[in-house]
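J.: In case you want the letters, here they are:
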Amino acid sequence: MGRATRRSPHAPDLAVTDIERYLEPQQYKGLLRFITCGSVDDGKSTLIGRLLYEANMLFEDQLAALEADSKKFGTQGSELDFALLLDGLTAEREQGITIDVAYRFFSTDKRKFIVADTPGHEQYTRNMVTGASTADAAILLVDARKGVMTQTRRHSYLVSLLGIRHVVLAVNKMDLVEYARTTFAAIEDEYRAFATQIGLGDICCIPVSALKGDNILTPSDKTRWYQGPTMMGYLETVEVDHARLERAPFRMPVQWVNRPHADFRGFAGIVTSGTIQTGDRIRVQPSGRESRVARLVAYEGDLRRAVPGQSITITLADEIDVSRGDVISSVDAPAGVADQFEATLVWMSDQPMLPGRPYWLKIGAKTVTATITHLKYRVDVNRLEHLAAKRLELNEIGVCNVAVDRPIAFDPYRENRDTGGFILIDRLSNNTVGAGLLHFALRRSQNIHWQATDVHKQARSIQKGQKACVLWFTGLSGAGKSTIANLIEKKLYARGLHTYLLDGDNVRHGLNRDLGFTDEDRVENIRRVAEVAKLMVDAGLIVIVSFISPFRSERRMARALVEDGEFIEVFVDAPLAVAEQRDPKGLYRKARWGELKNFTGIDSPYETPEHAEIRVDTVANTPEGAAEQIIAILEERGVIGSL
Amino acid sequence: MTLTHLQHLEAESIHIIREVVAEAEKPVMLYSMGKDSSVMLRLAMKAFHPAKPPFPLLHVDTTWKFRDMYTFRDRMVKELGIDLIVHVNPEGLKMNINPSIHGSTIHTDIMKTQGLKQALDTYGFDAAFGGARRDEEKSRAKERIFSFRSAQHHWDPKNQRPELWRVYNCRKHQRESIRVFPLSNWTELDVWQYIHRESIPVVPLYFAKERPVVERNGALILVDDDRMPLGEGEEPVMRTVRFRTLGCFPLTGAIESTADTVTAIIQEMLLARTSERQGRVIDHDAAASMEKKKQEGYF
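Protein chains in written order, with the working numbering: chain A, 36 to 678; chain B, 4 to 302.
Next up, chain A with everything else stripped away, as it sits in the complex (with noise of 0.2 angstroms):
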């Protein structure tokens, strides 16, 4: 370990007697979340290994199974290595790589520290973004034998994008070009430049060597030349952002409504910018009803005023209307309302997002629908150019347009992240599969009001003597959809019922003559059609849908469009090999010849529904029974009349 005897992890000094004159100061000491980013090979772990090692915050037997891993799965032969501290998971240690965020914690007598050590890969981008977008400051490591890399731009611009406002750039590995300034100089200047074109400001360029531990906690002999602080010294007094927060309007997302008993209703949450303190007026959003603090009541006894960070409650002088998801700010500065909005997306699962699909979005304490409804470009990240893109996969970054079902509260993303962040998830997986950075509201989504009309879609339904509804049916080319579908609009016509049939192959010669077969394309079909389907039952028409409609999510997005009970799912159940002999289009031929791209069931695939309202069995039933078998349902639905 290259020393005789080590201080105790903690304390400063080991004759430390007056506890009490000791803690106080202790529990005063500020927070620093940081980030290192870097590639396996750029000596991240390391780094972070030996900030651990130098701040003392390693124990003896932390120290003891180091060096027994270190001989077990070491890259440093006899020499400690780093890296396996925070390399925790058994892939990790095996690979050698590190695949996910971790977070170490240490302190010193000024600040408690949380760092999140992320993976570099290009691969691993999702991961770096999750790191950074709580994170205060971030180190960026590059080898002093290679210096800037597109890797260390791509971390640049990511960093710049999650609003972290000050970097340090760790020339590491100085201990390999002999301590050179020259080697330094270039690469601080070659960097600076890079910084001001992606608009980072505060920068800090230090030369060290993780591994022998050169400008870590103390200057370094070898590296007279440097006249700038130590890492450690740097992250000892970076300011942080919180006193730009802490002028900033006052937003607070409201978590959970406290209602103990008749006699008391508090908003919790938490503030994540400005301050508040009992008389301020309030607005809640979105609502715009607006109040005045009566109390901030804590456990400790009522607080006379509150901080960005700080978890409150909050009661107000009047009775309004105040749910979990509003954000209650103050009236002077209150934040956007729009239900538009352009944002920055990074996509983080292997299934793309793809225009048109709609999604959930949390911002803050809010969950709503959206969908992204034109995506700009793609930026490479690599190079920070703008691509013409039509969806983005895994770790792919885009400008896009969001909309959402209604209006929510926000502030850009630079101004506040917590109001302007967002997640998606999957509605389909629960998983959470992109992070959002909004950037304004789009004007046109204030100027445009649904038109109430007074003849409605009741009347209109009651005029024809049935009920308005959607009978989406889905399946295989060659499941026979267009038969039955053909059969079911005789049947309701001869009964002298309303009816439309909206047919696959007959909207794409006109409507959607423009779309193709491409996953992005075929959302955007399922769309339009589902939209149309949807003003026709306000038409008060049967509206029979004959779409293979593969993905679940278009056809749960057609569902969620019209109202409970008006969408009746006919899932047209014949297996591949069934509909494949029978191809009455020719089209799997086509398809087994390669002359035909994604089609579904070959080479794009078919997601079986779950929960459709009808099966009808194609195998086992003709065309004509299984009509009979639908009609006999809508007629117990109430749909229509029995005869």
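Keep in mind the hints are simulated off the structure, nothing from the lab.
Treat the hints with care, since some could be wrong.
Simulated crosslink set (EDC-like; lysine to aspartate or glutamate; CA at most 16 angstroms straight-line) [claimed, not checked]:
no.: 1; chain 1: B; residue 1: 175; chain 2: A; residue 2: 461
no.: 2; chain 1: B; residue 1: 49; chain 2: A; residue 2: 335
no.: 3; chain 1: B; residue 1: 49; chain 2: A; residue 2: 337
no.: 4; chain 1: B; residue 1: 55; chain 2: A; residue 2: 335
no.: 5; chain 1: B; residue 1: 175; chain 2: B; residue 2: 159
Since the structure of chain A is provided, determine the placement of chain B on it from the hints.
T.: For chain B alone, coordinates are given in the frame of chain A:
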């Protein structure tokens, strides 16, 4: 006014607890009577003040806890007026599981891991708060604050949801559940400083006192009751000891110490040379043992 690190940690934990309660259908807080549990319970009291926390506590009892812990548990529940559910794995009882005979691996699996799964399934809890901290152990350092478990309670470390800003995705399918760790970003020292600042009551075993112990594989084991089998030549001796961590008494080693107040403990901690898990037999089994246990459903 800038918040101190303890204020930051407190606010973050309260935010997490409120978020779970707002989104989960039936949350529960795991209660082990340890110092972390005591801090977590205080944070829950604060989060919903002046109301009581809108969830019960759950103690998955192995029946091998120190007697002081049971006394403390019953006292706290009574004082705070909150609901406590105690669950013991009935199969484990039938099998007469004894950590000294069956070893820590089997004991932990049957009484803790299986017991916990049974309790969550029996009561239909879909979110459970646990007091684990990321500084405890390497695989914990990689775990999210919201840790999703399959219907079989399995953890998939390679497939964790990204956690951005303060936005937590609490959505899950039927029968899936979430383990939530509000103290993720706390360290052992933070916990004691907070206990000190807030005057939070803790089990007296944390404080040094003369107690009967035997030395076993280098660990000082407290002879807590007559179920404790003594090996050949083992003779309990009185030593001034305390515990850094509390578990099942045959599995938890005491340390020699004279720290008999919270400040003395903090002072001792500032000078400590070993991490707290050293006293726990459970972690010595294998290098990746915790990751494996968690995948199988351990907290």
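J.: All hints are to be evaluated individually against the structure, with a verdict given for each.
T.: Verification of the supplied hints:
no.: 1; hint: 175(B) / 461(A); in the structure: 11 angstroms, holds
no.: 2; hint: 49(B) / 335(A); in the structure: 8 angstroms, holds
no.: 3; hint: 49(B) / 337(A); in the structure: 12 angstroms, holds
no.: 4; hint: 55(B) / 335(A); in the structure: 15 angstroms, holds
no.: 5; hint: 175(B) / 159(B); in the structure: 15 angstroms, holds
Comparing the model with each numbered hint stated earlier shows that all of them hold.
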